[in-house]
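Peer 1: Taken in order, these protein sequences are the chains called A and B. Sequential numbering from 134 applies to the first sequence in my numbering. Sequential numbering from 8 applies to the second sequence in my numbering.
No wet-lab data here; the hints were simulated from the structure. The structure displayed is predicted, hence computed values, not measured ones. Just so it is clear, CB atoms sit at the ideal spot from N, CA and C, and this is done for glycine as well. Fair warning: there could be bad hints in the mix.
Every beta carbon over 12 Å from chain B, so not counted as near; a handful from chain A, in silico [said to hold, decoys possible]:
| hint | residue |
| --- | --- |
| 1 | D170 |
| 2 | K187 |
| 3 | P265 |
| 4 | R402 |
| 5 | D437 |
| 6 | K532 |
| 7 | Q577 |
Simulated pairs of lysine-lysine, DSS-like, Cα-Cα distance not exceeding 30 Å [as the list claims (entries may be wrong)]:
| hint | chain 1 | residue 1 | chain 2 | residue 2 |
| --- | --- | --- | --- | --- |
| 8 | B | K124 | A | K354 |
| 9 | A | K475 | A | K171 |
| 10 | A | K458 | A | K523 |
| 11 | A | K532 | A | K557 |
| 12 | A | K203 | B | K144 |
| 13 | A | K203 | B | K186 |
| 14 | A | K187 | B | K186 |
| 15 | A | K534 | A | K523 |
| 16 | A | K187 | A | K203 |
| 17 | A | K557 | A | K493 |
| 18 | A | K187 | B | K287 |
| 19 | B | K124 | A | K203 |
| 20 | B | K130 | A | K177 |
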Amino acid sequence: MVKNKGTTPLAFDEMMNADSSPRQPYSTYHEWYASQDKNRLIAKSREAENIFRKTGITFAVYGHADSSEKLIPFDLIPRIISGREWRKLAQGIEQRVIALNAFLDDIYHKQEIIRAGRVPRELIEKNVAFLPQMIGFRPPGGVYTHIVGTDIVRTGEDQFYVLEDNARTPSGVSYMLENRETMMQMFPELFHQNRVRPVENYPNLLRQSLASLAPPGCSGKPRVAVLTPGIYNSAYYEHAFLADMMGVELVEGSDLRVIDGKVKMRTTRGYEAIDVLYRRVDDDFLDPLTFRPDSALGIPGIMDVYRAGNITIANAPGTGISDDKAIYSYMPEIVEFYTGRKPLLENVPTWRCSEPQSLKYVLEHLEELVVKEVHGSGGYGMLVGPTASKKERAFFAEKLKSRPTNYIAQPTLSLSTVPILVNKGIAPRHVDLRPYVLVSDKVQIIPGGLTRVALKAGSLVVNSSQGGGTKDTWVLED
Amino acid sequence: MLGRTANGLYWMFRYIERAENSARLIDAGLRMALTRSEATEGDWDGVLQSAGVRELYDEVHETLTSIDAIDFLLRDRANPSSVMSCIEAGRHNARMVRTALTRETWEATNECYLEMKTILSRKARPTDMPEIIDTIKRRAGLIRGAFHGTMLRNEIFNFSRIGTFIERADNTARILDVKYYVLLPAVAAVGSSMDNVQWESILRSVSAHRAYGWVYDAELRPANIADFLISNGRMPRSLAYCYEKIASNLGYLEREYGERHAAHDTADRTLASLRSQSIKDIMDVGLHEYLEDFISHNNRLGQEISDGYRFN
Chain A
134 MVKNKGTTPL AFDEMMNADS SPRQPYSTYH EWYASQDKNR LIAKSREAEN IFRKTGITFA
194 VYGHADSSEK LIPFDLIPRI ISGREWRKLA QGIEQRVIAL NAFLDDIYHK QEIIRAGRVP
254 RELIEKNVAF LPQMIGFRPP GGVYTHIVGT DIVRTGEDQF YVLEDNARTP SGVSYMLENR
314 ETMMQMFPEL FHQNRVRPVE NYPNLLRQSL ASLAPPGCSG KPRVAVLTPG IYNSAYYEHA
374 FLADMMGVEL VEGSDLRVID GKVKMRTTRG YEAIDVLYRR VDDDFLDPLT FRPDSALGIP
434 GIMDVYRAGN ITIANAPGTG ISDDKAIYSY MPEIVEFYTG RKPLLENVPT WRCSEPQSLK
494 YVLEHLEELV VKEVHGSGGY GMLVGPTASK KERAFFAEKL KSRPTNYIAQ PTLSLSTVPI
554 LVNKGIAPRH VDLRPYVLVS DKVQIIPGGL TRVALKAGSL VVNSSQGGGT KDTWVLED
Chain B
8 MLGRTANGLY WMFRYIERAE NSARLIDAGL RMALTRSEAT EGDWDGVLQS AGVRELYDEV
68 HETLTSIDAI DFLLRDRANP SSVMSCIEAG RHNARMVRTA LTRETWEATN ECYLEMKTIL
128 SRKARPTDMP EIIDTIKRRA GLIRGAFHGT MLRNEIFNFS RIGTFIERAD NTARILDVKY
188 YVLLPAVAAV GSSMDNVQWE SILRSVSAHR AYGWVYDAEL RPANIADFLI SNGRMPRSLA
248 YCYEKIASNL GYLEREYGER HAAHDTADRT LASLRSQSIK DIMDVGLHEY LEDFISHNNR
308 LGQEISDGYR FN
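Just chain B, same shape as in the assembly:
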């Protein structure tokens, strides 16, 4: 496969994953605003931080309002992580690697783009938001379904999956890092109603508020939330799960090509530590330090994959 094609697949799936994550963050933000008696713009501050675009927002807007924040996250082309920017970039990459995709996968991606472009052609009204979020999730689901149902399990599949999980791991780590302080044992000694809202919003940002109850108990506990999102190998957005997938896809490539790169060692090392470290160990070292370290290692892995497989 061309290095450029591998690069295109990797980014196509990173962008589609990011589009969904941005939509999920907006959803969590909206939800938080609903559950508060007095909604504060500070909620959106946290959402923008989780999306990693807080500073960018200030470059475009003078004040922080929920309407502007939603628009910025949803459709502003000046925000490379807005839903529309991501879908556009994902589709752009898909067009570039069109010959590597099944017709179904390409069409699902193209139709997603065409529909979102129509829906997001003007500023969304608050009443339209649930439907818009729903459409994004459904469209992303259709792409995923077409991809899983029709693509050969070969190198094309592997590079696509690696893109998905590098992006997802990055997102989950950022969401946790923005809110790490509400999970610290010292601060969160008592589950006040304020804490509960914060904790729930973390879970909602990764669509895990219901699953949490199945795995742990009904009560939200900071250590359990951190465990769920970092170490639980069954939670599809946890760091451990993402690295299981990254490592196994890199493993397929290693066997297929008979070639091992620096990326393989990095991924294996990260996975091993995710498996061996308990959440207590992590909390003891410092959650923030741990997550910062993780994000930078995750970025480095992306670069190593790009180098090893001659993306550019």
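Same shape as in the complex, but just chain A:
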């Protein structure tokens, strides 16, 4: 095995102990791996790529005219989580998701958390993700965020952090399912040897979960549909995949119209009503009459239908206020406020530069911190202190001083590693984890999720848009 070369020396290796024995969850797998012909594995790796290519499991990279469809590299060494580890994670995630929904209900109604002085009023009301149109309206079943993808990183044996809550429209679940399908096709024996908890019922659970939250105006069997921005959207494959697996229609805004107070889709037999819309279109584009008037992706008047109780929109408009980076730093208070208990999962320590004490600390420790824009995403407007040049840090310090409220800072975490297959064998690479959560009258957490892995040695960037890959994620029964 290739040594820990190129990764942060202190990174926690999820597969191997310091004495070169495998950690317990990986023991069966490691034994299997040791018995494998490495050339066969390399060949299998190419086979997996072919499966993905011919199935069309691709994502679009915006701004690339010709090579508009890309494959996300798949690494065939699974990321394995023990049952004990998972139970701990699942409890923490459930607590957090319950708090998120309670928080949303509160800030769109009584705003008790603001009145209690736990979250500043301007942080909510001046936030673009806060939708005044949702004030006083309670979605069917009181559920705001039906599908959540909680991003988790690990730094030690018992050390997990929530990095982001992704309460709007988390993507990537199709990769979780396709990665498992591919692994089962290529290495069926592994699934005899290891007791891996299934993830493949996700589409059924999703459909049931959505149908159970049909609006009051729905009579009869709820009709569910997936709303996609269309074939050019980066996650189009996933939208089609989920609609297909759930056995529901995949619709675009142009298929839908508000007729007689209902949202209806144009079918070959005429217009038919939809009761639950799993939308993969952002809030801004949902209804040109209410939000962006230039949106061609939405349905004029859908917000009126929604407020009249004739359609369920999942996730609810306005959920973005709960996974905002500025709100993130308040999550420990939010969890405690609504659940009455300390958070089971930790937040990454976050300095709000709006607070003078924190700003002072951040400016003094720029070389060890990651500084993020409050409303930024996808790595834009970000400073990674340890790798930035002196000049970049000085430049950023000025930006910080002039608009401190626009920034937060966090320590650079040493993410855990799981090995990937390389030409010489295996080598550790940093990973994160996104489990998927379904909320209806109950909270269901799918045992597994999407493990994203940085393919470059030492890199902490796992984003697929920046060359990251994925792994099958196993949760063991034990």
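Mind docking chain B on chain A? Use the hints.
Peer 2: Showing chain B alone in chain A's frame:
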């Protein structure tokens, strides 16, 4: 089913059908060039006309050469009927209606696209042509096989089939119309060697040169060729065969939906006339006039289907 999905299926299969037809036309053109002692660029003129892209070609090229004509028909994105354009458009539609297709059908379509994109990434050398044509036919065959072997016989199937046969009828009628004059009794009184080449190229353009011999006799006769491509209900590219299929698929939809549209009447009327008119009747009226009329009715039917089933 969504109207947009029906539209996507209809066009997916129209484009795949057209890709194959373009390939077949190139094949016939190449063949004609081979059988001539002195190959003329005029052969390609006829091929471009049959493909309905003669004027478009002139917009892109100053002179007519076989190399440019082949490239234009095979891979030029400026030609919406080139093999590559059609495969791309077919696959684009397939992606849009992915949820309506079986995994096998989608994968066959996607693999066809991926392979053709690689093969046609650069200008083809003449020596590569047989293999390229072969690959296109094989790939299209795989899509058809996956489609027939795995798809439910429901509305999805019906809209796909209607797309296939509207396109095919259009192609066959155009091929005949471009060459109608070589089939006229007055001109084709004597089967000169020149006529024979022309006649054979018509049959090759619809992959029917061998089948012709099974149905008629070994000698090529203009009236028989016209009969074969227009009225013979057993010939899978004939107008009569296409309309049998269009009418029966529309009939399934009518029973399934309990709804009849203008398209049903148009299709039934065309089918009835194809069944009742003899080739002699058609020749007497004028082959060219007949085909022109047919092409415009076929287009109108496409529009009526789109309206009736709310494609847009």
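Peer 1: Against this structure, judge whether each hint is valid.
Peer 2: Verification of the hints:
no.	hint	verdict
1	D170	holds, 28 Å
2	K187	violated, 5 Å
3	P265	holds, 33 Å
4	R402	violated, 6 Å
5	D437	holds, 23 Å
6	K532	holds, 42 Å
7	Q577	holds, 24 Å
8	B:K124 <-> A:K354	violated, 45 Å
9	A:K475 <-> A:K171	violated, 47 Å
10	A:K458 <-> A:K523	holds, 26 Å
11	A:K532 <-> A:K557	violated, 45 Å
12	A:K203 <-> B:K144	holds, 28 Å
13	A:K203 <-> B:K186	violated, 46 Å
14	A:K187 <-> B:K186	violated, 41 Å
15	A:K534 <-> A:K523	holds, 17 Å
16	A:K187 <-> A:K203	holds, 12 Å
17	A:K557 <-> A:K493	violated, 47 Å
18	A:K187 <-> B:K287	violated, 51 Å
19	B:K124 <-> A:K203	holds, 15 Å
20	B:K130 <-> A:K177	violated, 34 Å
In summary, the structure is inconsistent with hints 2, 4, 8, 9, 11, 13, 14, 17, 18, 20 from the numbered list given earlier, while agreeing with the others.
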